[in-house]
Every structure is written in structure tokens, then in C-alpha cells.
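**Q** Listed below, chain by chain, are the residues.
2 protein chains.
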Amino acid sequence: MNNFTYYNPTKIEFGKEKEKNIGEYLKQADVKKVLLVYGGGSVKKNGLYEKIIDSLNKNNIEFEELSGVVSNPLLSKINEGINLAKENKISAVLAVGGGSVVDSAKSIAVGAKYDGDVWDFFINKSQIMEALPVFTVMTLSATASEMNGNAVIMNDETKQKYSIASVLLNPVVSVINPELMATVSKEYLAYSAVDVIAHSIEVYFTAKVHPHFNSRIVESIIKTIMETTEVLLENPNDYNARAEFAWAATQGLNGLTPAGTEGGNFPNHMIEHSLSALYNVAHGAGLAVVIPAWMKWYKEQNISQFKRFAREIFNSDDENVGIEKLEQWFNKIGAPITLSDANIPKEGIGSLAENAYETSKVWGMDKIYSKEIIVEILEKA
Amino acid sequence: MNNFTYYNPTKIEFGKEKEKNIGEYLKQADVKKVLLVYGGGSVKKNGLYEKIIDSLNKNNIEFEELSGVVSNPLLSKINEGINLAKENKISAVLAVGGGSVVDSAKSIAVGAKYDGDVWDFFINKSQIMEALPVFTVMTLSATASEMNGNAVIMNDETKQKYSIASVLLNPVVSVINPELMATVSKEYLAYSAVDVIAHSIEVYFTAKVHPHFNSRIVESIIKTIMETTEVLLENPNDYNARAEFAWAATQGLNGLTPAGTEGGNFPNHMIEHSLSALYNVAHGAGLAVVIPAWMKWYKEQNISQFKRFAREIFNSDDENVGIEKLEQWFNKIGAPITLSDANIPKEGIGSLAENAYETSKVWGMDKIYSKEIIVEILEKA
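Chains as they are written, first to last, in the working numbering: chain A, 1 to 381; chain B, 1 to 381.
Treat the hints with caution; some may be incorrect.
Where chains are identical, the list cannot tell them apart; a pair therefore holds if satisfied intra-copy or between any two copies.
[What the hints assert, rightly or not] Computed list of lysine-lysine pairs in DSBU-like fashion (alpha-carbon distance at most 30 angstroms, straight line):
1. 208 to 20
2. 32 to 380
3. 32 to 208
4. 125 to 27
5. 371 to 51
6. 58 to 332
These are computed hints drawn from the structure, not numbers from a lab.
This structure is a prediction, so every number in the text was calculated from the model and none was measured.
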């Protein structure tokens with residue numbers, strides 16, 4: 001087991017109606033004025049926006065607004081938010097939405113405390129030394145962005161989808177009310193499930209050292225996600241399934257699963273980001289395409305863990321059955337499993353590989369994932 | 001799934017040689033003068049004391065010392081520490097040891113900021129509103145006290161073993177270096193294993209609502225503890241087993257396993273505290289005596305979870321086999337499983353039940369656990 005530091009100071013307020021207390025949580029943290037960040041109009045239609053504003057008003061928290069965040073959130077929108085924050089003496093950023101909204105809020109929180117271009121942090125040109133505090137009210141569970149310090153955004157000029165990470169970006173308080181997630185479409189539920197499974201298996205398969213305890217936690221998350229996704233596709237209003245899904249998703253990328261592992265990385269995310277960037281595919285959909293292809297390409301490099309996966313998740317001794325059954329399960333829940341399922345032409349592979357190779361370099365993975373290797377993987381998809 | 005708040009701001013510094021940085025961790029937290037709390041002389045014999053002092057000196061951290069903390073730590077010793085802290089303008093408490101030392105440090109941290117008798121907090125006469133920051137360097141893993149806000153101590157006058165809990169008592173930084181635990185006796189390793197299993201199963205069996213995800217995490221902890229204990233009894237120097245044991249133990253009582261459950265309580269701990277209090281039995285040893293007896297008495301009240309336990313841990317469909325095999329395993333690793341194994345005479349049951357019933361009242365469990373019921377359980381032991 002490797003040395004590690006585990007530190008996750010995010011307070012999770014989990015459960016029914018917790019969003020009504022958001023003003024109190026902000027007040028307890030001495031916040032005077034927030035920038036409220038959200039996506040399309042759905043929070044206005046379903047009444048969540050009003051509840052949030054009510055709670056802010058009751059607690060005398062002033063606010064400005066930034067709406068219109070899209071999935072694969074855009075740097076241009078984030079710069080708009082940074083300007084708003086700087087002009088209005090904002091003291092915290094409140095994200096109301098899913099991972100894209102939270103990642104935008106985090107990026108704004110960093111940019112608001114920086115004189116230069118916020119993109120500097122994404123290309124490792126600058127190091128994060130301070131940020132506004134971030135708060136969240138989640139309407140979708142998948143990215144665990146509610147309990148980590150990561151943000152992934154898209155530079156709409158350069159078509160690069162890059163990330164930042166700092167414990168300064170861990171939300172101070174995150175509200176996870178599973179009821180708010182009941183209206184998510186079946187399609188997005190499936191993509192979310194794939195995303196959580198992706199977070200769980202990246203380090204599980206790629207680490208050189210992966211303690212049994214960590215493997216067990218990962219398997220607990222995957223089993224819970226698969227079980228609850230099937231329940232929710234039948235009955236979207238099953239509160240307990242929604243709640244277990246949400247909490248398992250949070251545990252999937254909050255620092256717990258990789259603690260003590262050695263040498264793990266995120267190749268599926270690396271490749272997928274190019275699918276999102278070039279074809280605007282939903283992140284979870286892109287992952288469902290990449291993962292089975294990557295698994296087929298990679299399995300020989302960690303055969304014992306692939307055998308373990310097959311055994312623990314699908315009760316089979318054959319590592320190929322494990323891959324096959326996961327692919328079938330992605331298909332069953334309605335996620336695309338080939339490039340053509342995701343409307344990506346075979347001719348696109350070259351430019352996808354080129355784009356992904358750029359990320360590979362930024363993430364320090366280019367020694368393993370050359371352009372040729374990425375082409376080889378994508379051809380299996 | 002129930003509503004819950006999850007908040008655990010303790011930073012864990014895990015791994016080899018991390019104790020050498022303790023002075024830096026204190027300095028980063030702006031600590032000028034610590035009270036160093038430890039137990040018998042073992043930290044002096046094995047060189048740990050010197051490493052700590054070196055690190056404090058290098059970082060210009062002044063210190064006072066309180067040594068001689070015993071297992072089932074005593075209020076009288078804690079009062080000594082509180083006086084030292086008040087007289088010397090101590091700004092943090094540094095525990096170097098196992099659960100008893102950490103629990104003493106936490107109690108001192110509370111008492112140092114209070115004008116009255118620190119015992120007030122243990123009998124719910126006063127509420128914890130402030131405390132000195134606590135830091136730890138662990139030499140034994142079991143209680144998870146390194147990553148929670150709980151402390152259990154013993155009033156040596158009244159023979160009551162009571163507890164406090166507050167997030168203010170969560171250590172700011174805890175160092176867990178598994179190497180420091182390699183010299184623990186086989187006996188204490190066994191008791192530690194029992195203690196972790198106890199933490200894991202209390203809420204697992206007693207909660208009215210226990211989500212599958214939580215069950216899976218608990219089972220992951222139990223499997224890891226059983227597997228690594230067996231390795232360590234054979235080879236105490238197996239670093240990876242020691243590390244997995246330590247980290248699983250920390251997860252066993254840091255707030256993760258009960259999050260979202262409903263109505264769980266700690267009957268085995270409640271009864272065991274009386275064994276410790278009246279017969280000075282090691283906590284883990286007392287638990288090994290109480291748990292199988294309690295399981296036999298309780299199983300009908302949550303038969304499906306007992307069946308699940310038998311299936312997941314011992315691969316059996318019979319809940320009785322699950323209990324029997326756990327009892328056998330306690331016996332195999334060298335823990336006592338009957339009162340007579342622990343040198344407690346049958347005649348002691350009456351006074352044990354009386355003592356435990358007092359705790360039952362303080363913990364609000366007296367509606368279920370009357371004196372008669374406690375006698376009934378202890379007679380099965």
C-alpha cells in the first residue's frame with residue numbers, strides 16, 4: 001500500500017428537503033453575496049430555483065446569477081461568470097445543477113481570485129493558491145464533483161477538454177437530495193451510471209498496487225450502481241434506489257477509492273474527453289463507447305484484476321466474460337457501445353486520437369498512450 | 001435511506017515515516033505549544049518519542065508532556081492533563097499512542113476550554129461548544145478515534161465508562177504509519193480485530209433501515225480485517241496487511257458506515273463497557289465475549305440481515321452458522337469468547353447488568369435493554 005494523504009473537508013447534507021436550508025449553510029459560513037450558477041431553465045420550471053431564492057432571502061444572502069451552463073461546460077461561459085464575480089464582490093459561488101454546473105462554479109471560483117486567464121490553471125501554467133468557497137445543490141449524480149476538488153471544462157476556442165484539481169475547490173457544503181434527481185431522463189440516468197462505473201474502474205484496473213480493501217469498495221460501488229440503475233429504469237420514483245445511487249456515485253470519486261493505490265490513471269476519461277470535445281457526445285455516453293474497447297485492449301496488462309472483476313461483478317471465472325457482460329449491460333440500459341451507436345464516423349478516429357493525444361501529454365500519460373495506441377483502442381469501438 | 005449529514009474534516013497522513021512530519025503539520029495549523037500525551041514507556045523504548053520531539057524542535061513547537069495513560073483511560077489522568085493545559089497556555093493536544101491515548105487527548109482538549117468539571121460532558125450535563133485542536137500519531141489501529149469525534153473514558157471514582165462526541169474533537173491531522181504498529185502483541189492485534197468488527201456490525205444489525213451500499217461497505221471492512229489479521233498473526237511484519245488493516249479500521253467508525261441508516265445503536269459496546277469498567281478487561285476482549293451472546297439473543301429481530309451476514313462473510317445460508325463461525329474465528333485468533341475465558345465469574349453477571357443498565361439509560365437504550373435483558377444476554381456468554 002502506498003503512502004497517501006486523505007483529506008476531504010466537504011460537508012454533505014444528504015436527503016429530502018435539504019435544499020431549503022442552503023441559505024442557512026451559506027450564512028453559517030459567513031457568506032454575504034453569492035453567484036448563483038445554473039444550467040437551462042429546468043430549475044425554474046420545477047420550482048427548485050424559487051426554493052433556493054427563498055432560502056437566500058430568508059438568510060439575507062445577496063446574489064447575482066449566471067445561467068445557461070451546458071454539459072461539457074464552456075470556458076466562455078465561465079469567463080462571463082468570473083467577470084460577474086469580480087464586478088460584484090461575490091464571496092462564494094453556489095452551483096445548482098449537475099456536474100457541469102459544479103465544474104463551472106469551481107472554475108469561476110478560481111478565476112475570480114486570479115488576475116490572469118483562468119485557462120492557465122488547466123494547462124498547468126499556474127498553480128491554484130486561492131479560490132472563492134463553493135457550495136452546491138445537486139440535481140444529478142455522477143461526477144462526484146459535489147465531494148471533490150476537480151473540475152473539467154471545455155475550451156470552446158481550442159476544443160480542448162481539460163481539468164483542474166485542488167482541495168480548495170472541494171465544496172464547503174453540498175446538498176444531495178435524491179428527490180431532485182427523480183426527473184432525470186432514462187438516457188441521462190444510464191450515462192450517469194456509466195460515468196460512476198468509469199470512475200470506479202479506471203484506477204482499479206490501471207494501478208500497479210491496488211489493495212484488496214480498495215477493490216472491495218470499488219466493487220461495492222459498482223454493484224450498487226448496477227442494482228439501483230435497474231430499479232430506477234423501471235421506477236424512477238424509487239427514493240431509496242435513487243438515494244443509494246447518489247451516495248455511491250459520490251463515493252466513486254471523492255478520494256476514497258484510490259487512497260493507497262499506486263500508479264493508477266484515467267485512460268478512458270482521457271480518450272472520452274475527445275469524443276465530447278469533437279462530437280459533443282454526453283460524457284457518460286462517450287465512456288460507454290470507450291470502456292469496452294479499452295478493456296479489450298488493456299486486459300492482458302492486469303489479468304488478475306480483470307479476473308477478479310469478472311468474478312466479483314458477474315460471477316464468472318473468465319475475464320472476457322466480465323468485459324462482455326459489462327458491454328451488454330451498458331447496451332441494456334440504453335448507452336451506446338460503439339462509435340457508430342454514438343453517431344461518430346469511423347473516419348473521425350484520426351482526429352479523435354490526435355485530440356486525445358494532446359490530453360495524454362498534459363496528463364503525463366503519453367508514454368503509454370501514443371496516437372497509434374489510441375487509434376488501436378478506438379478501432380475496437 | 002434516511003437523511004444525514006456527513007462531515008469528516010480530519011486529514012489523514014498515511015504511510016511510512018509520516019510521523020517525522022508531525023511538527024510541520026502542527027506548524028501549518030499555527031500551533032505554538034502542544035501537550036504531548038502518551039501511555040507507558042513503549043514510545044520511548046522504540047524511538048518514536050525521539051522522532052516526535054525532533055520534529056517538534058525543528059519546527060519550533062514548544063511542548064509539555066502527560067504520560068502514563070492506561071487502556072480504559074482514567075478521568076483522574078485526564079484532569080491532570082487539563083490542569084497542565086490550562087497552566088501552560090497549550091494551544092493543541094498531540095496524542096501519540098492508541099485509542100485510549102487519543103480519547104484522553106480529546107477529553108483534555110474539551111476540558112481545557114471549560115471552567116467546570118469535564119465529566120459534565122460525559123453525563124450530558126453540558127454541551128461541547130469548543131475544544132483545543134487535536135492531532136494524533138497512531139501506534140495501534142482499532143477504535144478509528146483518529147478519524148472521528150468520539151472519546152470513551154472511565155470515571156475511576158464512579159466506575160462509569162462513558163463517552164462524548166463532537167466534530168470539534170475530530171483530529172485536525174492524524175498520522176497512521178502501519179510500521180509503528182508492527183510491534184503490537186498478537187493478543188492486542190486480535191482484540192483490535194474484534195473491536196473493528198464490533199464497530200462494523202453494531203449498526204449493520206440494529207438499524208431499522210440499512211441500505212445495501214452500507215452493508216457492502218461493512219462487509220468489505222470485515223472481510224479485510226479477517227483476511228489481514230490472519231496474515232499478521234503469521235507474519236507481523238507484512239506491511240501491506242498491516243496497512244490494509246489500519247485503513248479498514250479507520251473506515252469502520254469514521255461516519256461512513258452508518259450514513260443514511262436509521263435507528264442503529266451500539267448494544268455490544270454498551271454491555272462491554274461494564275466488563276472493562278468492573279473487571280478491567282481489554283475492550284476488544286470484552287467485545288469478543290459479548291458479541292456472540294448478543295447475536296444469539298438478537299438474531300430473530302433482524303433475521304434477513306443475519307442471513308445476509310452468514311452468506312456474505314461465511315458463504316452459508318444459515319444465520320446460525322454465521323454466528324457460530326464468527327465465534328469460532330474469535331476463538332481461533334485468540335480472543336476470549338466466554339465470561340470464564342475472560343476470568344469473569346458467573347456471579348458477576350448481576351453487577352455487570354446493573355452497571356450496563358446505567359449506560360443503557362444514558363445512551364437512551366433502556367427501553368430495549370433492561371437489567372433483565374442484559375442478564376439474559378450475559379448468561380449466554
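**Q** Taking the hints in turn, state whether each one holds.
**A** Okay, the hints, checked on the actual structure:
no.: 1; hint: 208 to 20; result: between (45 angstroms within a copy, 27 angstroms between copies)
no.: 2; hint: 32 to 380; result: neither (53 angstroms within a copy, 60 angstroms between copies)
no.: 3; hint: 32 to 208; result: neither (47 angstroms within a copy, 41 angstroms between copies)
no.: 4; hint: 125 to 27; result: between (35 angstroms within a copy, 29 angstroms between copies)
no.: 5; hint: 371 to 51; result: neither (49 angstroms within a copy, 49 angstroms between copies)
no.: 6; hint: 58 to 332; result: neither (46 angstroms within a copy, 61 angstroms between copies)
When the structure is compared with the earlier hints, violations turn up for hints 2, 3, 5, 6 and for no others.
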